[in-house]
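K.L.:
Please build the complete structure, drawing on both the sequences and the hints.
Note that the protein sequences, when read in sequence, are chains S and C. Take the first sequence: its letters are residues 1 to 427, numbered as in my numbering. Take the second sequence: its letters are residues 428 to 854, numbered as in my numbering.
Rather than coming from a laboratory, the hints here were simulated on the basis of the structure. Only a predicted model underlies this, so the values are computations on that prediction, with no experimental measurement involved. Some clues are possibly wrong.
[What the hints assert, rightly or not] With a cut-off of at most 25 Å between alpha-carbon atoms, the simulated SDA-like pairs for lysine to any residue come out as follows:
#, chain 1, residue 1, chain 2, residue 2
1, S, 68, C, 744
2, C, 495, S, 41
3, C, 495, S, 317
4, C, 460, S, 155
5, S, 68, C, 470
6, S, 68, C, 468
7, S, 33, C, 505
8, C, 588, S, 150
9, S, 200, C, 584
10, C, 627, S, 159
11, C, 804, S, 294
12, C, 804, S, 153
13, S, 68, C, 466
14, C, 627, S, 153
15, C, 804, S, 41
16, S, 33, C, 553
17, S, 68, C, 652
18, S, 161, C, 466
19, S, 68, C, 487
20, C, 652, C, 620
21, S, 68, C, 553
22, S, 377, C, 588
23, C, 627, S, 156
24, S, 68, C, 499
25, C, 804, S, 78
26, C, 588, S, 126
27, C, 627, S, 155
28, C, 495, S, 7
29, C, 627, S, 150
30, S, 161, C, 470
31, C, 627, S, 169
32, C, 495, S, 161
33, S, 161, C, 723
Here is how the chains run, residue by residue.
There are 2 protein chains.
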Amino acid sequence: MSSDEALLERRYHVLGRNAPLFYERPVHLVSGKGVWVTDADGREYLDVYNNVPHVGHCHPHVVEAIAKQAATLNVHSRYLHETVVAYAERLTATFDSSLSSAVFTCSGTEANELALRMARYRTGGEGIIVSDFSYHGNSQTLAAVTTCFPVPEAFPRFARKVAIPDPYRDRHDRSDEELSNHFAAQVDAAVKSLQADGIKIAALLIDTVFANEGLHDPVPGYVAKAVEIVRAAGGLFISDEVQAGFGRTGDAMWGHQLSGVVPDIATLGKPMGNGHPIAGLVGPTDLIDSFGLAATYFNTFGGNPVSAAAASAMLDVLEREHLLENARNVGAYVKTGLRALADKHSIVGNVRGRGLFFGLDLVKGDADRSPATAETKRVMNLMRENGVLISRIGRHDNILKMRPPMVFAKEHADRLLATLDDALASI
Amino acid sequence: MSSDEALLERRYHVLGRNAPLFYERPVHLVSGKGVWVTDADGREYLDVYNNVPHVGHCHPHVVEAIAKQAATLNVHSRYLHETVVAYAERLTATFDSSLSSAVFTCSGTEANELALRMARYRTGGEGIIVSDFSYHGNSQTLAAVTTCFPVPEAFPRFARKVAIPDPYRDRHDRSDEELSNHFAAQVDAAVKSLQADGIKIAALLIDTVFANEGLHDPVPGYVAKAVEIVRAAGGLFISDEVQAGFGRTGDAMWGHQLSGVVPDIATLGKPMGNGHPIAGLVGPTDLIDSFGLAATYFNTFGGNPVSAAAASAMLDVLEREHLLENARNVGAYVKTGLRALADKHSIVGNVRGRGLFFGLDLVKGDADRSPATAETKRVMNLMRENGVLISRIGRHDNILKMRPPMVFAKEHADRLLATLDDALASI
Numbered sequence: 001m002s003s004d005e006a007l008l009e010r011r012y013h014v015l016g017r018n019a020p021l022f023y024e025r026p027v028h029l030v031s032g033k034g035v036w037v038t039d040a041d042g043r044e045y046l047d048v049y050n051n052v053p054h055v056g057h058c059h060p061h062v063v064e065a066i067a068k069q070a071a072t073l074n075v076h077s078r079y080l081h082e083t084v085v086a087y088a089e090r091l092t093a094t095f096d097s098s099l100s101s102a103v104f105t106c107s108g109t110e111a112n113e114l115a116l117r118m119a120r121y122r123t124g125g126e127g128i129i130v131s132d133f134s135y136h137g138n139s140q141t142l143a144a145v146t147t148c149f150p151v152p153e154a155f156p157r158f159a160r161k162v163a164i165p166d167p168y169r170d171r172h173d174r175s176d177e178e179l180s181n182h183f184a185a186q187v188d189a190a191v192k193s194l195q196a197d198g199i200k201i202a203a204l205l206i207d208t209v210f211a212n213e214g215l216h217d218p219v220p221g222y223v224a225k226a227v228e229i230v231r232a233a234g235g236l237f238i239s240d241e242v243q244a245g246f247g248r249t250g251d252a253m254w255g256h257q258l259s260g261v262v263p264d265i266a267t268l269g270k271p272m273g274n275g276h277p278i279a280g281l282v283g284p285t286d287l288i289d290s291f292g293l294a295a296t297y298f299n300t301f302g303g304n305p306v307s308a309a310a311a312s313a314m315l316d317v318l319e320r321e322h323l324l325e326n327a328r329n330v331g332a333y334v335k336t337g338l339r340a341l342a343d344k345h346s347i348v349g350n351v352r353g354r355g356l357f358f359g360l361d362l363v364k365g366d367a368d369r370s371p372a373t374a375e376t377k378r379v380m381n382l383m384r385e386n387g388v389l390i391s392r393i394g395r396h397d398n399i400l401k402m403r404p405p406m407v408f409a410k411e412h413a414d415r416l417l418a419t420l421d422d423a424l425a426s427i
Numbered sequence: 428m429s430s431d432e433a434l435l436e437r438r439y440h441v442l443g444r445n446a447p448l449f450y451e452r453p454v455h456l457v458s459g460k461g462v463w464v465t466d467a468d469g470r471e472y473l474d475v476y477n478n479v480p481h482v483g484h485c486h487p488h489v490v491e492a493i494a495k496q497a498a499t500l501n502v503h504s505r506y507l508h509e510t511v512v513a514y515a516e517r518l519t520a521t522f523d524s525s526l527s528s529a530v531f532t533c534s535g536t537e538a539n540e541l542a543l544r545m546a547r548y549r550t551g552g553e554g555i556i557v558s559d560f561s562y563h564g565n566s567q568t569l570a571a572v573t574t575c576f577p578v579p580e581a582f583p584r585f586a587r588k589v590a591i592p593d594p595y596r597d598r599h600d601r602s603d604e605e606l607s608n609h610f611a612a613q614v615d616a617a618v619k620s621l622q623a624d625g626i627k628i629a630a631l632l633i634d635t636v637f638a639n640e641g642l643h644d645p646v647p648g649y650v651a652k653a654v655e656i657v658r659a660a661g662g663l664f665i666s667d668e669v670q671a672g673f674g675r676t677g678d679a680m681w682g683h684q685l686s687g688v689v690p691d692i693a694t695l696g697k698p699m700g701n702g703h704p705i706a707g708l709v710g711p712t713d714l715i716d717s718f719g720l721a722a723t724y725f726n727t728f729g730g731n732p733v734s735a736a737a738a739s740a741m742l743d744v745l746e747r748e749h750l751l752e753n754a755r756n757v758g759a760y761v762k763t764g765l766r767a768l769a770d771k772h773s774i775v776g777n778v779r780g781r782g783l784f785f786g787l788d789l790v791k792g793d794a795d796r797s798p799a800t801a802e803t804k805r806v807m808n809l810m811r812e813n814g815v816l817i818s819r820i821g822r823h824d825n826i827l828k829m830r831p832p833m834v835f836a837k838e839h840a841d842r843l844l845a846t847l848d849d850a851l852a853s854i
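P.N.:
What follows is the structure in structure tokens.
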């Protein structure tokens with residue numbers, strides 16, 4: 001038994017046989033730096049998956065901020081502390097002025113839980129609308145409304161799901177406006193279906209780049225139409241920025257800014273502390289004030305000084321290293337390269353994404369654009385064997401997901417594209 | 428306006444006016460070391476409240492572990508990593524052999540959410556029994572079953588609450604056995620009341636030292652009786668170890684070990700990473716395996732290498748510095764001192780607690796032992812003014828709560844006792 005196999009056996013026992021693991025042959029990582037990670041045998045992999053180490057694995061500025069603050073003070077937020085207040089000011093300044101206060105949590109799950117509690121408190125409603133291929137967290141309530149993988153919980157009576165338009169697969173001869181109207185009609189039907197069951201809508205909860213759904217090219221105006229319907233029925237719009245946020249798309253700091261709709265609450269997570277567990281939400285001060293009075297919300301680790309220092313240092317790097325600009329420039333370069341691969345390999349049906357977030361829809365090549373699910377899995381595993389880490393998404397698991405740290409440069413793009421070219425050629 | 432007042436104003440705006448803050452005059456902390464914290468004016472406070480910095484504020488061994496691992500690798504758990512597996516092995520080894528696997532989360536809230544999901548999955552039931560003065564987390568489901576402060580959510584149809592015996596207030600002429608039987612009868616009635624509504628019991632969720640309730644002296648056998656009733660009805664026993672765990676009581680690593688009952692699931696939190704956000708649960712391998720298959724549970728930050736390194740380093744210190752022994756010895760010394768204060772000050776009705784966790788029940792001195800709520804608040808604020816940080820608990824907010832870091836020594840105890848003596852004398 002190799003040392004990796006022995007570790008895997010120990011892991012099966014102590015973390016459970018079904019604790020998720022990537023790849024047919026799991027990677028045993030020991031270190032990371034920038035866009036590179038290294039396994040126990042000293043082999044380097046180009047990381048084209050991880051958005052949590054947003055400004056790069058182990059960025060020294062963030063590491064130093066964590067080390068320094070951890071050595072100085074780390075307590076809960078019921079004392080006054082400068083760092084968390086300054087960070088909250090800096091963070092809210094990147095949003096529309098209506099989103100003027102913040103609450104910090106440890107995870108995106110906790111952020112979405114809190115956003116739903118606030119939405120229900122504010123609206124007096126209970127109903128939630130989510131996309132029919134989405135995930136917003138691992139708690140009881142959020143697991144129950146999970147639609148992109150099986151859960152033991154029943155889909156709740158208070159929730160409805162709507163299908164996000166997939167222009168590549170659903171377009172046929174429909175115009176943008178028809179797709180957008182079709183989506184709006186679904187949202188309208190969901191609101192009315194809830195009402196028919198005596199349930200008032202509390203919130204529409206969506207990721208505005210629809211990453212789990214498959215990162216579909218946006219249909220102009222469709223988010224705005226859906227939000228208008230939900231608000232007219234008294235509900236709020238919660239924008240889940242866990243994947244799209246902090247400049248991932250290059251064109252905007254927040255995903256909802258691309259759709260031109262200001263949410264009532266935005267929830268944040270993964271990249272926020274470059275790997276340090278911090279998440280949270282931003283919303284109107286009056287909502288946070290009145291909910292706080294009614295609920296005495298407190299989160300032990302949320303917004304502690306080390307979390308705030310890590311998150312602030314992450315923003316420092318994002319600004320100093322001009323990483324939104326990098327996401328735009330390198331992103332465009334990668335996309336051009338991916339389009340060239342699409343021309344060369346017929347299995348690539350569609351190239352999409354924005355900034356440093358790409359989806360490659362692999363298809364059978366028939367008129368129906370049937371998903372090449374098995375091939376997608378093989379490409380993903382081949383890439384891993386050849387030293388490039390990516391994943392896959394979408395309802396047919398046939399979309400290669402590429403979402404590297406924001407310090408991804410053209411030289412890394414060349415490596416990604418060459419490895420992908422080989423993998424696509426060999427299947 | 429002082430700089431503290433200015434910071435408070437900024438905090439009101441950006442974190443909300445009702446974000447919880449301790450003391451009439453909030454403390455503006457800037458650093459911490461061992462059992463001491465220092466404010467922005469350079470004033471030192473003896474910390475007799477914080478259990479999160481379990482082995483002391485900014486313990487160098489834990490800080491070094493965090494700094495080193497943060498500089499080496501910090502990724503999610505879908506790759507193989509030695510540290511998290513080794514930590515899970517070390518952690519589960521401190522439990523009964525039936526609790527052989529672990530799942531890591533970011534917070535106690537997430538741990539209790541997951542435990543409830545597992546209990547419902549395993550039992551097919553939905554019902555939850557909690558104490559009538561308890562708190563287990565800030566998510567939708569856990570907020571709804573919160574009974575120790577007001578929440579906007581209605582207490583759910585699937586939950587029942589039972590009153591934990593308070594031997595000091597409820598005893599009258601009742602024996603331990605009568606108190607214990609009275610509690611068992613409540614649990615039995617709760618199970619039957621759920622059944623009458625067509626709801627099967629999924630879990631009894633309690634903190635076995637009943638910290639929020641007021642840290643009452645335990646009544647022998649009462650937890651065992653309650654668990655027997657719940658199990659006979661097909662439910663599980665979830666022991667919330669967020670407050671009692673990691674040796675706080677001195678006599679055992681886990682609170683449930685004091686009651687002699689092995690839980691089906693134990694949930695862990697606050698002190699686990701000495702302030703780094705890590706929490707989790709331990710349970711039977713077969714439960715974690717089968718739930719994992721049904722639910723594909725994944726937690727982005729849960730059990731990442733830095734969290735595991737922090738938690739492992741915390742255990743190192745707990746062992747090397749013999750802190751359970753310290754909790755027993757210094758705890759006994761403090762308790763003797765508190766009893767002397769009770770003899771001296773008639774307002775002290777009852778001294779209780781175990782290890783380094785103390786409750787001082789302040790009373791009016793009448794036959795009913797009426798709670799001295801206003802006086803308790805004054806003592807707490809006086810202590811803060813005199814450089815000692817404590818809090819208060821209980822359904823009448825009349826129990827001084829003292830729970831210092833585990834490196835609390837006799838010299839610190841002397842300071843606590845002297846300051847408390849003065850405060851009790853001056854009200």
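K.L.:
Would you pick out the hints that fail for this structure and give their numbers low to high?
P.N.:
When the structure is compared with the hints, numbers 4, 8, 12, 15, 16, 17, 18, 21, 22, 30, 31, 32 turn out to be violated.
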